[in-house]
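All residue numbers for the sequence shown refer to the working numbering, where the first residue is 118 and numbers rise by one.
Because the hints were derived from the structure by calculation, they are not lab data. Note that this is a predicted model, so its numbers are computed, not measured. Hints are not guaranteed to be accurate.
What follows is a set of in silico ranges between Cβ atoms, one per label pair, in the way DEER data are often shown [claimed, not checked]: (1) 200 - 148: 17 to 27 Å; (2) 149 - 185: 39 to 49 Å; (3) 210 - 149: 29 to 39 Å; (4) 204 - 182: 28 to 38 Å.
From the three backbone atoms N, C-alpha and C, an ideal C-beta is built for every residue, glycine too.
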Amino acid sequence: RSLAVDTLPSDIEEGSSGNAQLLGIWGVAGFVGASLGPLIGGPMLYLFGHQDVSEEGVASDAIEYSLRGYAVLVSLSALYFFLSAITLRYIKKRGV
118 RSLAVDTLPS DIEEGSSGNA QLLGIWGVAG FVGASLGPLI GGPMLYLFGH QDVSEEGVAS
178 DAIEYSLRGY AVLVSLSALY FFLSAITLRY IKKRGV
């Protein structure tokens, strides 16, 4: 948390609610990422990397995921990172 407080802008007036709003947005962004990540990543990993594991003559419910599935997840993470950088640049330019 101290890292988040250290990165707040210094030009916000003392006593205003600006810092509280920025910390609220930061907290919501962390919550949304932590909740949507598994909701989107899990099905994507299953869709692109699902492999059934079965040995000869032995029924198994084990599931393994291929390297392709994990490559899709890392690529999706890179896309989200890029989109967040564009969004932050837009917000900074607009002064929102």
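Verification of the hints:
| no. | hint | verdict |
| --- | --- | --- |
| 1 | 200 - 148: 17 to 27 Å | holds (18 Å) |
| 2 | 149 - 185: 39 to 49 Å | violated (27 Å) |
| 3 | 210 - 149: 29 to 39 Å | violated (23 Å) |
| 4 | 204 - 182: 28 to 38 Å | holds (30 Å) |
Going down the numbered hints, you'll see the structure goes against 2, 3, while the others check out.
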